[in-house]
Amino acid sequence: MNEKPNPRLTANGFAISRRNFLGLIGSTAAAGMLGFPGQLIARRRGTLIVGAPADPSSLDPATGGAGTDHVFLYPIFDTLVEWDYATLAPRPGLAKAWHYPDPRTLVLTLQENVRFHDGTPFDAEAVKFNLERNLRDPRSNIRTELASVESVAVTGPLEVTLKLKEPDTVLVLILSDRAGMMASPKALQELGERHDRSPVGTGPMRFVDWSDGEKVVLTRNEHYWKPNRPLVDGIEFRIITDSATRLRSVISGQADVAYHLDGRQIPLIERSRQLQLVTGPTIYCYQLYLNMSRGPLQDVRVRQALNFAIDREAFVKATMAGAGEPAYMNLPRSHWAYDEEVAKLYPYDPDRARALLKEAGFSNGVELDMRGYSDQGSVQRQEFLLEQFAQVGIRGRFRTGTIPEMSATYFGPEKGGDFLLSAFTGRPDPSQTYALMYLEDAYFNAGRVPPPPGFLEALLRSRSTTDIEERRQALSVVQRIVMENALVVPLAFRNEVSAASARVENMRSNLLGKPKFEDVSLQDT
Amino acid sequence: MLTRKKLGMIASRLLQALPIAVLATFVVYSLMQLIPGDIAVTLAGENASDERIAEIRELYRLNQPFLVQYGSWLWNAVQGDLGVSLLTREPVAETIARTYPTTLLIVAYAIVLSVVIGVPLGILAASRPGSLLDSGIMSIASLGVTVPNFWFGMILALWLALGLNLFPATGFASPGDGLGTALWYATLPALALCTNGIAEVSRQLRSSLVEIQSSQFVRTLHAKGLSPASILWKHGLKNVGVNLLTVISLLFNKTLAATVVVEAVFAIPGIGSAIVNAVLQGDFPVVQGAVLAMVATVIVVNLVTDVLYTVLDPRIEQA
Chain A
1 MNEKPNPRLT ANGFAISRRN FLGLIGSTAA AGMLGFPGQL IARRRGTLIV
51 GAPADPSSLD PATGGAGTDH VFLYPIFDTL VEWDYATLAP RPGLAKAWHY
101 PDPRTLVLTL QENVRFHDGT PFDAEAVKFN LERNLRDPRS NIRTELASVE
151 SVAVTGPLEV TLKLKEPDTV LVLILSDRAG MMASPKALQE LGERHDRSPV
201 GTGPMRFVDW SDGEKVVLTR NEHYWKPNRP LVDGIEFRII TDSATRLRSV
251 ISGQADVAYH LDGRQIPLIE RSRQLQLVTG PTIYCYQLYL NMSRGPLQDV
301 RVRQALNFAI DREAFVKATM AGAGEPAYMN LPRSHWAYDE EVAKLYPYDP
351 DRARALLKEA GFSNGVELDM RGYSDQGSVQ RQEFLLEQFA QVGIRGRFRT
401 GTIPEMSATY FGPEKGGDFL LSAFTGRPDP SQTYALMYLE DAYFNAGRVP
451 PPPGFLEALL RSRSTTDIEE RRQALSVVQR IVMENALVVP LAFRNEVSAA
501 SARVENMRSN LLGKPKFEDV SLQDT
Chain B
1 MLTRKKLGMI ASRLLQALPI AVLATFVVYS LMQLIPGDIA VTLAGENASD
51 ERIAEIRELY RLNQPFLVQY GSWLWNAVQG DLGVSLLTRE PVAETIARTY
101 PTTLLIVAYA IVLSVVIGVP LGILAASRPG SLLDSGIMSI ASLGVTVPNF
151 WFGMILALWL ALGLNLFPAT GFASPGDGLG TALWYATLPA LALCTNGIAE
201 VSRQLRSSLV EIQSSQFVRT LHAKGLSPAS ILWKHGLKNV GVNLLTVISL
251 LFNKTLAATV VVEAVFAIPG IGSAIVNAVL QGDFPVVQGA VLAMVATVIV
301 VNLVTDVLYT VLDPRIEQA
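Protein chains in written order, with my numbering: chain A, 1 to 525; chain B, 1 to 319.
I should point out that these hints are in silico values taken from the structure, not numbers from a laboratory.
Treat each hint with caution, since some may be false.
[Stated by the list, open to error] Sample of chain A residues with no beta-carbon within 12 Å of chain B, all distances over it, derived:
#1 Thr47
#2 Val114
#3 Pro167
#4 Gln189
#5 Arg301
#6 Arg352
#7 Val379
#8 Gln380
[Stated by the list, open to error] Covered by chain B, according to a simulated footprint, are these stretches of chain A (three or more residues, beta-carbon under 8 Å):
#9 62 to 73
#10 133 to 141
#11 193 to 202
#12 211 to 217
#13 227 to 240
#14 243 to 251
#15 405 to 411
Glycine included, C-beta positions come from ideal geometry on N, C-alpha and C.
Start from the sequences and build out the full structure, keeping to the hints where you can.
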């Protein structure tokens with residue numbers, strides 16, 4: 001074809017000139033910039049929009065199982081006992097007072113004038129119903145938490161007496177967690193299983209809607225019992241699993257808060273003038289769970305070598321962008337039961353590690369079957385550890401998979417792997433942590449190895465006295481036994497990293513690492 | 001136009017599709033069995049003991065043999081009951097009803113964009129074959145195939161959403177809240193998805209047009225004195241219609257699969273995210289239901305394509 005192209009056949013084959021075309025684009029862009037977006041985001045000014053990293057497993061406290069559920073549960077359900085944000089020490093909640101007339105009896109005095117969201121009264125009968133349900137319902141995942149409770153009796157309209165099989169002072173803080181979240185007995189009876197998706201509590205927010213993987217919508221409880229609370233009209237949780245996307249939603253103004261962000265995003269948050277960085281230490285701990293029933297890990301010297309081989313300060317800098325605290329035992333520095341002496345047991349000492357391995361008969365190094373998760377952050381931590389281990393002669397490769405998959409393989413019946421690089425989200429009471437990790441039949445004790453002598457006595461002592469100083473001493477003994485025998489390799493506590501828009505007031509982090517919004521308010525724009 | 005013959009064809013194709021759909025769900029179910037991990041452990045929660053896990057297996061009947069579980073799922077599915085999510089108890093039909101239209105809107109929008117941008121590019125390239133314009137356009141189009149959707153999506157979000165504030169950075173609005181709003185939220189994801197489509201549509205169109213333009217009958221029309229424009233429009237495009245339709249139909253399948261990553265970048269609660277989460281956690285009722293929905297869609301799209309073939313080109317006879 002050698003002729004000239006027909007001039008009528010323009011760029012698009014349409015009879016539109018370039019000028020008209022640009023004009024069309026321009027006016028669309030202008031419309032966009034002129035506040036067109038603002039009108040279309042139909043948002044109630046007083047609703048707090050929160051970017052959440054995971055969908056809840058269930059909105060019923062007893063039937064759920066994920067550590068990430070609590071953030072959704074706290075606004076809906078008050079707990080019998082509350083806790084101090086900084087130290088996790090117990091404080092009055094729905095139970096305004098409690099005492100142990102004798103070591104096997106716990107008496108709760110309840111708050112008056114509290115109603116559930118469905119209007120039914122909160123009273124001793126309701127507490128009895130909830131506690132018994134948590135203990136007996138086949139779908140309840142928290143039966144073991146109340147295992148020491150023999151009976152629950154209503155001894156007054158606002159008084160409940162628990163009879164215990166053995167002394168148990170841990171119960172107080174257990175009642176600050178799922179087991180202490182009070183749901184309406186009427187709703188539980190009428191809805192049965194459907195309560196998982198239609199929760200009714202006494203909390204500052206009432207449930208409105210849950211679209212799986214998308215959002216959870218709550219609205220203000222007009223008859224909340226605490227004066228001047230809540231301070232916002234509602235909370236809408238948007239499930240945004242990718243942390244970069246979650247942060248973007250706050251930067252773009254579509255959300256007010258995003259929590260559980262990554263340490264590496266801190267510079268981005270600090271650089272942005274519209275955002276506040278909300279951060280603080282938590283008890284969420286990266287650690288190696290050890291299966292002590294198999295392979296070289298049966299020898300305490302090998303386990304101790306693992307502990308000496310890791311430079312935890314470097315770990316925090318390299319894999320957590322500095323947003324963390326090196327962990328030398330299962331509790332962080334600001335916790336009420338922290339023991340500084342135990343924390344000194346394992347300084348970074350690769351020579352000592354090599355000597356211990358040699359003593360254990362592994363002068364040519366040792367091979368271990370390592371397991372971990374396949375997400376980017378986990379892989380980075382694994383690479384760091386492999387490098388440190390290589391320097392002392394500990395060899396191996398990490399086999400990785402998704403969290404549910406690897407957890408099931410390591411902790412479940414298959415019992416695959418010598419150790420698992422994972423994390424422990426922490427519990428309200430330290431003795432729960434130690435029980436869940438080191439007792440012989442504990443889920444997290446993959447090898448089902450009985451704890452060393454002295455452990456059980458000290459643990460029971462920590463549960464049978466109400467005096468906090470005595471509890472701290474007993475827990476120190478427990479912790480010393482754990483670390484001297486190297487039952488675990490703690491790595492670092494993760495700081496909570498949240499971003500909030502400039503409108504958000506009073507957003508604070510807490511040591512439990514599970515954000516609460518009860519005091520949060522929104523400034524008028 | 002809907003002759004008995006056509007209706008018969010449609011009916012027979014639908015019947016043929018049924019065993020395919022069943023086979024697809026069976027294959028998916030078998031694959032899920034191969035994934036290590038145990039949903040009972042996830043369901044039992046953070047404090048679970050071995051006994052609790054065994055209990056959960058009893059409770060949700062997860063300890064039944066493989067074929068029995070599949071069989072009971074199939075039996076219920078045939079009666080219209082797709083079951084509930086093992087993890088959240090949401091009925092699977094509701095999950096699909098809630099997430100699938102979201103994904104379909106974005107996929108449709110992406111395909112429209114691919115056509116709206118790709119067709120003019122293809123025509124432009126074909127209007128001067130072998131020229132610098134032609135190779136230039138084709139090179140840019142190739143870029144479309146190589147650019148990763150999620151990366152491009154993030155660039156769009158940073159530039160057009162956070163930078164210029166033209167579009168929202170995350171989220172989704174359903175057409176129920178206003179078609180304009182829905183399209184506004186869906187624009188960036190659709191743009192991120194359409195790069196591949198633009199490339200394929202423009203390349204296909206360009207090569208078909210060039211081929212036709214040098215064919216016998218066009219030369220005859222030319223000799224008869226018809227202008228190149230009217231040749232292109234009236235005769236060229238109608239003939240490439242079949243090729244274009246094929247490309248679009250295949251594009252639908254590809255784009256449907258590609259939405260998963262884009263859904264993550266823009267936090268869109270579509271069926272892609274639902275499937276990924278369900279697979280990762282072993283929530284097989286959701287996976288089965290979603291796969292069934294997607295297989296059904298692909299079958300319908302293929303069917304519609306076939307019917308449109310006969311409309312576009314009567315020479316194509318359908319058995």
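Status of each hint after checking the structure:
1. At roughly 14 Å, the least C-beta separation between A/Thr47 and chain B is larger than 12 Å, which holds for a residue marked as non-interface.
2. Listed as outside the interface, A/Val114 is consistent with that label: its C-beta sits roughly 28 Å from the nearest C-beta of chain B, beyond the 12 Å cut-off.
3. At roughly 21 Å, the least C-beta separation between A/Pro167 and chain B is larger than 12 Å, which holds for a residue marked as non-interface.
4. No beta-carbon of chain B comes within 12 Å of the beta-carbon of A/Gln189; the shortest separation is about 18 Å.
5. Every CB of chain B is more than 12 Å from the CB of A/Arg301 (nearest about 30 Å), matching its label as outside the interface.
6. Every Cβ of chain B is farther than 12 Å from the Cβ of A/Arg352; the closest lies at roughly 34 Å, confirming the non-interface assignment.
7. Every C-beta of chain B lies more than 12 Å from that of A/Val379, the closest at about 16 Å, which supports listing it as non-interface.
8. With a cut of 12 Å on Cβ distances, A/Gln380 stays outside the contact zone with chain B, its closest approach being about 19 Å.
9. With a threshold of 8 Å between beta carbons, the proposed coverage of the stretch 62 to 73 of chain A by chain B holds, since 4 of its residues qualify and at least three are required.
10. Interface restraint, the stretch 133 to 141 of chain A with chain B: holds (3 residues with C-beta to C-beta distance below 8 Å; minimum three).
11. For a cut-off of 8 Å, the count of residues in the stretch 193 to 202 of chain A with a CB near a CB of chain B stands at 4, and the three-residue condition holds.
12. Under the rule that three or more residues need a Cβ within less than 8 Å of chain B, the assignment of the stretch 211 to 217 of chain A holds, with 5 such residues.
13. Residues of the stretch 227 to 240 of chain A lying with their CB closer than 8 Å to a CB of chain B number 3, which satisfies the three-residue condition for coverage.
14. Remark: the stretch 243 to 251 of chain A is confirmed as covered by chain B, as 6 of its residues place a Cβ nearer than 8 Å to a Cβ of that chain, reaching the required three.
15. With 6 residues carrying a beta carbon less than 8 Å from a beta carbon of chain B, the stretch 405 to 411 of chain A meets the three-residue requirement, and the given coverage holds.
The structure shown violates none of the earlier numbered hints.
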